[in-house]
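As they're listed, the protein sequences go chains H and L.
Numbering (the working numbering) for the first sequence: 355 to 1189.
Numbering (the working numbering) for the second sequence: 6 to 173.
For each label pair, taking beta carbons as the anchor points, the in silico distance ranges come out as:
{"hint": "1", "chain 1": "L", "residue 1": "Asn91", "chain 2": "H", "residue 2": "Ile757", "range": "21 to 29 Å"}
{"hint": "2", "chain 1": "H", "residue 1": "Glu426", "chain 2": "L", "residue 2": "Asp127", "range": "46 to 54 Å"}
{"hint": "3", "chain 1": "L", "residue 1": "Phe151", "chain 2": "H", "residue 2": "His430", "range": "45 to 53 Å"}
{"hint": "4", "chain 1": "H", "residue 1": "Ala427", "chain 2": "L", "residue 2": "Ile155", "range": "43 to 51 Å"}
{"hint": "5", "chain 1": "L", "residue 1": "Phe151", "chain 2": "H", "residue 2": "His839", "range": "17 to 25 Å"}
{"hint": "6", "chain 1": "L", "residue 1": "Arg170", "chain 2": "H", "residue 2": "Leu616", "range": "23 to 31 Å"}
{"hint": "7", "chain 1": "H", "residue 1": "Cys631", "chain 2": "L", "residue 2": "Arg39", "range": "47 to 55 Å"}
Below, computed lysine-lysine pairings styled on DSS-like, alpha-carbon distance capped at 30 Å:
{"hint": "8", "chain 1": "L", "residue 1": "Lys166", "chain 2": "H", "residue 2": "Lys674"}
{"hint": "9", "chain 1": "L", "residue 1": "Lys160", "chain 2": "L", "residue 2": "Lys107"}
{"hint": "10", "chain 1": "L", "residue 1": "Lys160", "chain 2": "H", "residue 2": "Lys810"}
One-sided excerpt, in silico: chain H residues whose CB lies under 8 Å from chain L:
{"hint": "11", "residue": "Val752"}
{"hint": "12", "residue": "Ile829"}
{"hint": "13", "residue": "Glu830"}
{"hint": "14", "residue": "Val832"}
{"hint": "15", "residue": "Lys835"}
{"hint": "16", "residue": "Phe837"}
{"hint": "17", "residue": "Leu841"}
{"hint": "18", "residue": "Ile844"}
{"hint": "19", "residue": "Glu845"}
{"hint": "20", "residue": "Gly849"}
{"hint": "21", "residue": "Gly852"}
It is worth saying that the hints were derived from the structure and are not from the lab.
A virtual CB, placed ideally from N, CA and C, is assigned to each residue, including glycine.
Here are the chains, one letter per residue:
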Amino acid sequence: MATTWRSALSLYMLLLMVSRGLSLASDGNKIDEVNVTLTTLPIVSWKWEHVSEPYLVALWIIVCWLCKLIIEANHHVTNVIPESALLIGFGFILGGIVWGADLAQTFKLSQRTFFFFLLPQIILDTGYSMPNKLFFGNLGGILVYAIIGTCWNAASLALSLWGCQKGGAMGDLDIGFLQYLLFGSLIAAVDPVAVIAVFEQVHVNEVLFILVFGESLLNDGVTVVLFNVCDAFVTLGGSKINAVEIIKGIISFFVVAFGGSLLGFAFGILISLLTRCTKNIQIIEAGFVFILGYLSYLTAEMLSLSAILSIVFCGICCQKYINANMDESSVNTVRYAMKVFANGSETIIFVFLGISAIDKTIWVWNTGFILLTLFFILIYRFMGTFILTWILNRFRLVPIGLIDQVIISYGGLRGAVAYGLAVMLDETRIKEKNLMLCTTLIVVYFTVIIQGITMKPLVTWLNVKKASVSEDSLIEKVQNKVFDHMLVAIEDISGQIGHNYMRDKWNNFEDKWLSKLLLKPSVRKNRDNIFAVFHRLNLKDAMSYVAEGERKGSLEFIRNESAFIDFTKKFDDKFSEVMSDIMADTSSHYNRGSSMRRDPVPSVCLEVHEQAIKGMNGVEDSHHLLQQHLYKGRKQHLHRYSRSNFSVNTDENEVQEIFQRTMRRRLESFKSAKMGVAPPKKISKHTKKDQQQKKPNGNSADKCKSYHSGDEDFEFSEADSANGYDVPGSLPMRVTYRAGAGIENPTFMPDPDPTASMHIPPWLADTEVDSSIAAPSQRAQVRLPWTPSNLRRLAPLRLSTNSTDSFMLPEAPATQQRGNEQQPPSAPPPTKRHM
Amino acid sequence: MGSRASTLLREEEIEEIKKETGFSHSQITRLYSRFTSLDKGENGTLREDQVNFRGFMRTLAHFRPIEDNEKNKNPTASEPLNSRTNKLLFAFHLYDLDRDDKISRDELLQVLRMMVGVNISDEQLGSIADRTIQEADTNGDNSISFNEFIKVLEKVDVEQKMSIRFLH
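Bound-form chain L, shown alone:
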């Protein structure tokens, strides 16, 4: 992965990405140029997590707005990356860092700590976390599983709240 030429986007790759993520051709090229500008080290991956372009696109694909016609296309194919379930799965994984398919109290605390202001003490935050888990937890295991997560957010308009318009 030395020379820059090898990291230029090839047509087949674009097609693959298009099929996998649903972005249009122009969007992919545009995002690729963005990727390269972010990719300071020029080694084909973004520094922190060694995300390559495919991963980058896959992540971004979660945020595409849901389109109606996609539902009718191919019922047997797996769900597109930007379906509601997949969006929620993405959000779930933000909490569930150790990938045990459960959001434990500590994981929730971490996220909460990042999000609330400095005025709230740790004990209060703990109470908030406890209460949050209480609200969602139906099987009493003191953690939130993915199904519980989906259930508790069923009234939230995830499609709108987790989408952005990608420029062409």
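Same shape as in the complex, but just chain H:
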């Protein structure tokens, strides 16, 4: 802790000096420009003006993120005060420093920076990670809150404030009714950034969250329209407003809202189509998502449609297809990069919200106005929510409870969007712009800080239903599907067109038409949820098994735990399903962000249940270790001087790979042994020498179609395999290990097309193996845990195309496990080639 405070202090000193230096430098350079005469060659020169702009931007980003670092250093504080409030506080301090140095607020949150560079990525992130089923299931409620709620908020606030002004409660103000309407429209909108920031720490149940959150996103349509309409009215003056204008205003709402959404859908479809073709540029295919998302935002902005709606629907529409189409590492890239951008932007926004306040020139204080605004905002929010919910509950299947309504009302936080709009007010037309600006700031601070701090205790006190940890068990998945089908049937029987019927119709339409259009053909065949869950669970079993084995092995192999990266802390728990660790318990989260996630391949059900149960106590640690090991082996890319080629780290993690692969091979061999088919296995090892510029295997031979996966780990090329074999057809004693190489065992390969029979290099297999057949579970044998000593000897592995051969462990204990073996194990032959 002390170190962080010291670093904080030094940081501020640095900042102080920088801002001093800036002003000095700018003065200095001006002088230079006047009399620039070079008398001698300068060895180095001070080129501040040259870099000032990007330098300042980068510097501010660093400062904001360092603030976040300091805040997150201590969880005790962040448990009580939400991070956003603390960031605003830091903003105050920083603003004070800059003010102290410059006597002017040189750095403010300009509306352009905010709306063009800071907001889009946050919204894109929310759209991309939006739970679609939940969102569309509650869309009715969300729309009611967003449209009617926001209009009510704006109108009621405007009327009340205007009434109070007439009543004289605010002193001597001269604000017309239209201007009040304008002010009402900009402050009425619930802000998505603030909602995310505050609700992130309180895990309320998902319906509640989606209602507040969806409202905060969709009300942008209303806000934009209201703001522009009122702005136009203010410009036109009160006299020109007649029925025509009002009707035009209403029409413009529909155009803006629907136009924005449609534009977003169009861009979403564009992205999906694009990812369908980016097989050959997997390196940058993740970038398309960001660029096209940003373009959708800007295009909507250009057409004066609702930009937020556009980018939200772009994200919503494309998420399913790009997740399926893109290679898994690209999907991971997109996911993680989105989080970085979104979180980073959010930090910057809050810090600057704080900084912008420290500016003497904008402060106008009018107690009555400010206090009344606060009061009315709260009151009308509660009133509006309760009335609308009462109406909604008559149409909802599951009514929204009273407590949930309280939270919805209390969660109506205002944020930076309101501030941005306030800055955009025109001073010439609205004389009291500064007052409005200050009021907006105060409202934002109040909601974010006060309401943010009290949200968590309120939720606990009111016993709000929390988010349930989603189970990933097969039976739940199956049962949910059964329910879905049941409901459609019942709706049909009872002759009503209900929600489920619509959903079913949409699913059918999507399966029939949209999938053909937007998904890669290879992907289309494999989208089955139940199977995906099954596959994940199997992998989880496998890993728990291996972990248990390791635990019983030599400790030398266990790494230091400190290298383990804990993701759950950094991201919202909602997103922790992406990042969470693998737990030992079979019925808990599975790391969806893992590299194995989307392998829709036929897999073998490992009968490791008993083993896993026995090993469950105290396996957790080894789980973490295991996860770390296994993933590091896959994901660490040694970045050489090549921007188009990632190669895998070939260090001890290789041994992990061998481990895994051996297990797979054994399963494969058992399966094929029973089936009487030649196992088409090959593990090739190449040292770094051989790993020259291997292209992503998308370009490798069609023969090795089964090797094709976007994962650069699996690098095969015909040439390489050719290297490994001199005598095709004969018993290949060679064992070559290629780092990152995989084998054809369908269990673990991220083969996008498991139903296609595996292409085996013709010199390897005598018979075709139908990879879609998975070994029946009874035959999946529990494997002996590999001890490290075993592993070393694993490198020279014997390979055999003889179907009756079984795989040997170079150790005797292995033989005990071979209950089902058809052949007794024999001693491993010496390795032929060991490169």
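Assemble chain L onto chain H, guided by the hints.
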């Protein structure tokens, strides 16, 4: 059961159905007209399983949303048809076709086969079924009893997932 007149709904019947299932009067009449329109053969039963109107209503009653006030009405009466347990029992019976109060592997396989796509082979499906039973089976008899079924689904929001709104 020849003439149509005999299949028209009588008031006493409506009352009985109302008490048994909890539907309102208008809902019952509406569903009755639906029943008659489905009942092409005009013999008072739906063709396939010879379900008469009472059975029809009883089945549909399982899908009513759970209402809070029902819990307080009569603690001694048997549970209403749309209680959580009864809903789960209905779902259980979807699997358990031979009514032996156990979901065996074959029964599960049948349901799974109907629900997953064509891309999954029989062996894989068998593995999935095995694994599913493994997850739920606590007493090791390789089949899922009703209690195990309830236990394993305790986190699932059955009330919401197995209800539809019936129009008035």
